[in-house]
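J.: Okay, here's what each chain looks like letter by letter:
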Amino acid sequence: MGRNLELAIGALNGTVGDYLARTGNGLATSMAFMHGGAPLALDPAALARAFPAPSARVVVLVHGLMNTEHVWGRPDEDDASATDYGSRLARDLGFTPLYVRYNSGLPIPDNGAALDALLTALVAAWPVPLTELLPLGYSMGGLVVRSACHAAATADRPWLTRVTRAVYVGTPHLGAPLERLGRVVSKVLHTVPDPTTRLIADIADLRSQGLQDLGDADLRHEDRARRRATVSLRDPRHPVPLLPGIRHYLAAGTLVSAPWAAALFGDTVVPAPSATAADSGIPASQVRLFPGTSHIALAQHPGVYDQLHAWLREAP
Amino acid sequence: MSTTTRLRGLAALLRDAVEHGSTAIQRVHLATAARPFFLLEAIPAVAEPAALVHRVYDASVSFTYDNVRRVNWIVGVGVGVVLDGVEARERAEAAAEDAVEPRLIERAV
Numbered sequence: 523m524g525r526n527l528e529l530a531i532g533a534l535n536g537t538v539g540d541y542l543a544r545t546g547n548g549l550a551t552s553m554a555f556m557h558g559g560a561p562l563a564l565d566p567a568a569l570a571r572a573f574p575a576p577s578a579r580v581v582v583l584v585h586g587l588m589n590t591e592h593v594w595g596r597p598d599e600d601d602a603s604a605t606d607y608g609s610r611l612a613r614d615l616g617f618t619p620l621y622v623r624y625n626s627g628l629p630i631p632d633n634g635a636a637l638d639a640l641l642t643a644l645v646a647a648w649p650v651p652l653t654e655l656l657p658l659g660y661s662m663g664g665l666v667v668r669s670a671c672h673a674a675a676t677a678d679r680p681w682l683t684r685v686t687r688a689v690y691v692g693t694p695h696l697g698a699p700l701e702r703l704g705r706v707v708s709k710v711l712h713t714v715p716d717p718t719t720r721l722i723a724d725i726a727d728l729r730s731q732g733l734q735d736l737g738d739a740d741l742r743h744e745d746r747a748r749r750r751a752t753v754s755l756r757d758p759r760h761p762v763p764l765l766p767g768i769r770h771y772l773a774a775g776t777l778v779s780a781p782w783a784a785a786l787f788g789d790t791v792v793p794a795p796s797a798t799a800a801d802s803g804i805p806a807s808q809v810r811l812f813p814g815t816s817h818i819a820l821a822q823h824p825g826v827y828d829q830l831h832a833w834l835r836e837a838p
Numbered sequence: 171m172s173t174t175t176r177l178r179g180l181a182a183l184l185r186d187a188v189e190h191g192s193t194a195i196q197r198v199h200l201a202t203a204a205r206p207f208f209l210l211e212a213i214p215a216v217a218e219p220a221a222l223v224h225r226v227y228d229a230s231v232s233f234t235y236d237n238v239r240r241v242n243w244i245v246g247v248g249v250g251v252v253l254d255g256v257e258a259r260e261r262a263e264a265a266a267e268d269a270v271e272p273r274l275i276e277r278a279v
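The listed protein sequences derive, respectively, from chains D and Z. Every position in the first sequence, counted from 1, becomes a number in our numbering once 522 is added. Every position in the second sequence, counted from 1, becomes a number in our numbering once 170 is added.
In case anyone wonders, no lab produced these hints; they're calculated from the structure. Beta carbons are placed, not taken as given, at the ideal position from N, Cα and C, and that holds for glycine. Incorrect hints may appear among the rest.
Said to hold, decoys possible - Partner residues aside, some chain D positions facing chain Z, computed with beta carbon under 7 angstroms: (1) Gly548; (2) Leu549; (3) Thr718; (4) Thr719.
So here's chain D without its partners, still in its complex pose:
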C-alpha cells in the first residue's frame, strides 16, 4: 500500500505538481535523496548513520516524469539481493547509490536548480572525500541532470569537478513529440468557437510545466521562448549542448528494429534520435540501442545494466 500510495503521489506530482507547489499543497513533493523510504538529511552524522561504509564514488539516480525512485525497482529497505541499477553498481563497482525523489511537474530548470543545490550540499556533507559523482538519469531525470550540470557550470560549483561521466537512459534529449503533438491539438481546439471544445482544451492545458518542458527538452527558463514562437512536430535544434568535459553514455529503447520505425516511435514515448541525441557528436561506442525494449522496461532491464557495467567498469 505504501509504495502504491507513493507512486500515486508521484504520478499526481507529474500531472499537476507545479499547481500543488504553487498553492502550497501538502501533496507536493520536495526534492530529496530517499533512504529507507524517507528523505535523507544531508548532514555528516545522518549520512554516516545511513551509510556505515560510504564509498568515495557515488551514483545519483534520478527518476523520470510521474515516477518516484521506485521506478528503479529498488526495495524500500536495504536488501542484498536487490537487482536495481544502483544496488548492482554498489555490489559490482563499489559505488554508493543515492536515489533522488522530486516533483516532476515542476519546470525542468527548477528541478535542475534544486538538484544543483542538493549535490552541493551532498559534496559538503559526504563522510569521505568524493572522487566521483555519477549522475544516472532516466527519461526526464536525464534532462534534470543536464539542467543541473548547466546551472553548476554557470555558477562554477565544486561538485561538477567530480562528474566525469554521466548516464542517460531513455532521455528525450531532443524533446518528446507526443507532448509537441498535444500542444498542437490544444492550440487547434482553442480555435474552435465552441464552449465544450474550449473546456477540453483548457483541461489539456492543465498539464504540468514539467510535462510541457519535455516537448522541446527545455533545460533553461529562456528556452521556453522558442516554444511560444513556433509549434512544430520536428525535433528542435537544442540550444544547450551536452557539457564538454564529461563523457556521456546514452541507452535508448526501440520497440521495433526497422530504423524508420525506431526514428518515429522509438520506445513508444521517446523516439530513437531524441534518446540518442542524434547529431550531437557522441561517439557510437557511448550510445546503445535496445531493440524490443519499451520506455518503462528501460529502467529495470538486465541488458541495460550489463551495458552500464561495461561502460563504467573502466576507471573514469
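Use these hints to put chain Z onto chain D, whose structure you have.
T.: Using the frame of chain D, we list chain Z on its own:
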C-alpha cells in the same frame, strides 16, 4: 510528509477541483444555453419574453452552481476543522509520551 499533511493536501486539491471545475462547467452551460435564446431573441414576436426567460434561466443556473461552490467551501472548512483536531490530538499524545519517558528512565536508574 505526515499523513495529516497529505490528507489536508488531498482535501485542498478536491476543493480546488470542485471550485474550478464547477466554474468552468457553469461557463459552458450558460454559453450552450445562450445559443437557442440568441435565436429566439432575434425574432421580434418572441424577443421580449425570450429575453426574460433567458435572464431567469441564467440566474437559476448560476444560483445552482453558486450553491455547489458554497457547499464545497463548507465541507472544506469542516474537513479542515477535523484535521486540526486530529493534529492537536497527535501533538498532545506525542507530548505526553515525551513527558513519560524521562520519568521511566529516572525510575529505572
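J.: Decide, hint by hint, whether the structure agrees.
T.: Okay, the hints, checked on the actual structure:
For glycine 548/D, the shortest C-beta to C-beta distance to chain Z is roughly 3 angstroms, which falls under 7 angstroms, so the interface hint holds. For the restraint placing leucine 549/D at the interface with chain Z, the shortest Cβ-Cβ distance is roughly 4 angstroms, inside the 7 angstroms limit, so the hint holds. The interface hint given for threonine 718/D holds, since its Cβ lies 6 angstroms from the closest Cβ of chain Z, which is under the 7 angstroms cut-off. Checking threonine 719/D against chain Z by beta carbon gives a least distance of about 10 angstroms; that is not within 7 angstroms, so the hint is violated.
Checked against the numbered hints given earlier, the structure breaks only hint 4 and satisfies all the rest.
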